[in-house]
Every structure is written in C-alpha cells, then in structure tokens.
Amino acid sequence: MVSTTTTTQLSHYTALHNCTTTSNQRPPPTSCVATCSSSYIESHCTSRSLGRQLVSSLVSPSSYRTIRLSAPSQKTQKLTKQRCGAVRCSAGGEEILTEKPIELPIFPLPLVLFPGAIVPLQIFEFRYRIMMHTLLQTDLRFGIVFADKSVGVAAVGCVGEIVKHERLVDDRFFMICKGQERFRVVNMVRTKPYLVAEVEWLEDRPSGEAEDVEVLAAEVETYMKDVIRLSNRVSGKPDKDVPEDLRKSLFPTPFSFWVGSTFEGAPAEQQALLELEDTAVRLKREKETLRNTLNYLTAASAVKDAFPSSD
Numbered sequence: 040m041v042s043t044t045t046t047t048q049l050s051h052y053t054a055l056h057n058c059t060t061t062s063n064q065r066p067p068p069t070s071c072v073a074t075c076s077s078s079y080i081e082s083h084c085t086s087r088s089l090g091r092q093l094v095s096s097l098v099s100p101s102s103y104r105t106i107r108l109s110a111p112s113q114k115t116q117k118l119t120k121q122r123c124g125a126v127r128c129s130a131g132g133e134e135i136l137t138e139k140p141i142e143l144p145i146f147p148l149p150l151v152l153f154p155g156a157i158v159p160l161q162i163f164e165f166r167y168r169i170m171m172h173t174l175l176q177t178d179l180r181f182g183i184v185f186a187d188k189s190v191g192v193a194a195v196g197c198v199g200e201i202v203k204h205e206r207l208v209d210d211r212f213f214m215i216c217k218g219q220e221r222f223r224v225v226n227m228v229r230t231k232p233y234l235v236a237e238v239e240w241l242e243d244r245p246s247g248e249a250e251d252v253e254v255l256a257a258e259v260e261t262y263m264k265d266v267i268r269l270s271n272r273v274s275g276k277p278d279k280d281v282p283e284d285l286r287k288s289l290f291p292t293p294f295s296f297w298v299g300s301t302f303e304g305a306p307a308e309q310q311a312l313l314e315l316e317d318t319a320v321r322l323k324r325e326k327e328t329l330r331n332t333l334n335y336l337t338a339a340s341a342v343k344d345a346f347p348s349s350d
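In the numbering used here, the protein residues as written are 40 to 350.
Simulated from the structure, these hints should not be mistaken for lab results.
Glycine is no exception: its CB is placed at the ideal position from the N, C-alpha and C atoms.
Treat the hints loosely; a few may be bogus.
With a Cα cut of at most 25 angstroms, we get these calculated DSS-like pairs of lysine-lysine [stated by the list, open to error]:
hint, residue 1, residue 2
1, Lys264, Lys323
2, Lys343, Lys287
3, Lys264, Lys287
4, Lys279, Lys343
5, Lys264, Lys326
6, Lys231, Lys287
7, Lys264, Lys276
8, Lys279, Lys326
9, Lys188, Lys264
10, Lys343, Lys276
11, Lys139, Lys188
12, Lys139, Lys231
13, Lys279, Lys264
Label pairs and their computed distance ranges (CB to CB) [as the list claims (entries may be wrong)]:
hint, residue 1, residue 2, range
14, Lys264, Leu207, 38 to 44 angstroms
15, Pro277, Asp178, 41 to 47 angstroms
16, Thr337, Pro282, 18 to 24 angstroms
17, Arg244, Ile141, 16 to 22 angstroms
18, Lys287, Arg244, 21 to 27 angstroms
19, Lys287, Asp344, 31 to 37 angstroms
20, Gln176, Leu207, 15 to 21 angstroms
21, Ala249, Glu142, 36 to 42 angstroms
22, Asn334, Asn226, 41 to 47 angstroms
Input sequences plus hints: build the corresponding full structure.
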C-alpha cells in the first residue's frame with residue numbers, strides 16, 4: 040500500500056499528548072500541533088539534493104502545522120455507481136461544460152487531502168507502482184480519497200498533483216503531492232490493476248449564511264492562535280511567538296481548506312469538512328471545533344497549575 044510521512048516529527052507547537060497526566064486520567068481528546076518533518080524527508084531520500092528540493096516544496100502557506108482534534112464521528116459518503124452527465128470543470132480560471140466524463144486514477148488512503156495541502160507518500164504496492172509509471176508518462180494528477188475499514192471508501196476526494204518524486208532502487212517511489220481540485224466520484228470505470236473512476240469537479244457555491252466569511256475567517260485565525268499558545272503552555276514547551284499573520288493572507292475558501300488540513304487526528308471530521316460546498320459553513324464548523332479544543336486546553340492548563348509536576 041503506502042506509507043505516509045506527514046507528521047513524523049513534533050515541532051515546538053507539540054501539545055497535550057506529551058503533557059503530564061495522572062494515572063487515572065483518560066487520554067485527552069486533543070493532542071498536538073505538529074509540523075511536517077523536513078529532516079525525515081531528507082534522510083529518506085537517496086539523494087540529499089533531491090531531499091532538499093522536496094523540503095523546499097513544503098515552504099508555503101499550506102505547509103503543515105497539524106492540530107490533532109477529537110471530533111464527532113461522521114460516516115462518509117461511499118462510492119456510487121451512478122452515471123454522470125455534463126460536468127463543470129475549472130481550467131485556467133475558466134469554467135467549461137463537457138459531456139465527456141472525466142476519468143481519474145483513484146488512490147484510496149487513510150488520510151484526507153485538502154486543496155493546497157502538501158502530503159509526502161512512499162509507493163511500494165505493485166499496482167500503485169504501475170499507476171506511478173503511467174502518471175509519470177502522461178498526467179501527474181490522480182485522485183486521493185479517504186478509505187477506512189469502518190466506513191469504506193469516500194465518494195468525495197481531492198486531486199493530488201505530483202510536484203516532486205524520486206524513484207528508488209527497488210522500484211518504490213517517494214513523492215510529494217499537492218492538493219488541487221476537489222471531486223466527486225460518479226462511476227467506477229475499472230478496478231484493476233488500480234481504480235479508475237469518472238468524476239465531477241466540486242466547487243463551493245455562494246454562501247447562504249448570513250455571516251461575513253471574512254469575519255468568520257478572522258475568528259477562526261484567532262482561535263487557532265489561542266490553541267497554539269495554550270498547547271505550548273500545557274505541554275511545557277518554551278513560549279514561541281505565533282505568527283501574527285497565521286492566515287498568510289489567504290482568501291476565506293483556501294484558508295478554510297488549510298484549517299481543515301491541520302485537523303490531522305480526526306479524519307472523519309476532515310472528510311466532512313472536505314465535502315462541504317459552502318465556505319461559511321466550513322469556517323463555522325472549524326470555529327466550533329477550535330473553540331471546543333480551546334475549552335479543553337483551558338481546563339487542562341488549570342489542572343496542571345493546580346497539581347504541578349514534582350520535577
């Protein structure tokens with residue numbers, strides 16, 4: 040199958056799972072804020088120069104600071120067998136209509152990819168090595184969909200574009216992918232040697248919410264900053280300056296995707312966020328999740344202050 044390496048090294052934003060707890064406490068529902076491990080990428084590439092190139096591709100507003108959150112379990116919509124009619128596509132900023140269904144290789148993974156997010160993958164299963172050889176000779180894009188034994192394979196996924204890759208000596212591949220458009224699977228074309236599906240592109244519709252999306256985005260950014268600061272305190276990490284512009288001047292829709300990509304410990308919640316077609320609704324849901332996380336961290340901080348470590 041595949042091994043993912045998105046959160047192999049904790050950063051200075053590491054949170055609750057490293058904090059001191061008493062033996063009778065239940066595991067905290069939130070755990071940490073982490074970053075993508077550049078040292079792991081460099082050490083696992085056969086070429087140091089390629090490793091540095093791969094690391095440099097991560098320097099973007101969507102580079103991972105992941106927040107592991109507990110979120111209510113939600114079943115994902117499974118793949119369907121329906122035929123698609125006309126689909127709407129985005130290409131070079133222009134919308135076009137086409138009667139011909141779009142076919143896309145599908146890679147089921149136990150992760151949720153968001154537009155703009157970066158994910159490093161190592162490909163070693165034979166059928167996906169075949170897929171890689173095909174992609175490198177044709178199109179560098181394939182679909183990543185969340186797959187889990189309990190809920191099956193989700194019907195909504197995100198296109199992953201290969202931005203860097205390295206072919207290893209045993210024909211395995213190490214690659215860096217960046218999330219592009221979202222899609223919905225409308226029909227399975229074939230299942231061997233790997234999945235290929237007909238898809239339609241998925242875009243956010245104009246919001247029906249009364250709230251201003253800019254205001255919502257600013258509130259979400261504030262909650263994220265507070266979560267990071269309190270996570271540092273609870274985990275006993277030295278205080279670090281949280282970037283004033285955590286949002287990196289992103290517009291509300293890409294910012295909402297970036298926030299969703301940080302909820303690394305809750306794939307069911309991530310999938311629910313990915314499937315939403317309203318930026319305001321997505322931001323409101325993220326705001327609520329961050330607020331609940333902040334409440335937990337506040338309580339954990341109070342307990343830690345009341346019962347300091349004996350060290």
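Comparing the hints with the structure gives:
1. Lys264 with Lys323: Since the Cα atoms of Lys264 and Lys323 sit roughly 16 angstroms apart, the hinted pair holds (cutoff 25 angstroms).
2. Lys343 with Lys287: Measuring from Cα to Cα gives roughly 33 angstroms; hence the hint is violated.
3. Lys264 with Lys287: Status holds; Cα separation ~13 angstroms.
4. Lys279 with Lys343: The given pair, whose Cα atoms are some 19 angstroms apart, holds under the 25 angstroms limit.
5. Lys264 with Lys326: 12 angstroms, holds
6. Lys231 with Lys287: Violated, at about 42 angstroms.
7. Lys264 with Lys276: 15 angstroms, holds
8. Lys279 with Lys326: 23 angstroms, holds
9. Lys188 with Lys264: Status violated; Cα separation ~34 angstroms.
10. Lys343 with Lys276: Holds, because 13 angstroms separates the two Cα atoms, which is no more than 25 angstroms.
11. Lys139 with Lys188: Violated: Lys139 and Lys188 sit about 32 angstroms apart, past 25 angstroms.
12. Lys139 with Lys231: Cα-Cα ~22 angstroms, so holds.
13. Lys279 with Lys264: 11 angstroms, holds
14. Lys264 with Leu207: 38 to 44 angstroms: For Lys264 and Leu207 the Cβ distance comes to about 40 angstroms; the hint holds.
15. Pro277 with Asp178: 41 to 47 angstroms: Cβ of Pro277 to Cβ of Asp178: about 46 angstroms, so the range 41 to 47 angstroms holds.
16. Thr337 with Pro282: 18 to 24 angstroms: Check passed, 22 angstroms falls within 18 to 24 angstroms.
17. Arg244 with Ile141: 16 to 22 angstroms: Distance hint for Arg244, Ile141 holds at roughly 20 angstroms.
18. Lys287 with Arg244: 21 to 27 angstroms: The hinted range 21 to 27 angstroms holds for Lys287 and Arg244, with Cβ atoms some 25 angstroms apart.
19. Lys287 with Asp344: 31 to 37 angstroms: 33 angstroms, holds
20. Gln176 with Leu207: 15 to 21 angstroms: 18 angstroms, holds
21. Ala249 with Glu142: 36 to 42 angstroms: 40 angstroms, holds
22. Asn334 with Asn226: 41 to 47 angstroms: Since Asn334 and Asn226 have Cβ atoms about 44 angstroms apart, the given range 41 to 47 angstroms holds.
Checked against the numbered hints given earlier, this structure breaks hints 2, 6, 9 and 11; the rest are met.
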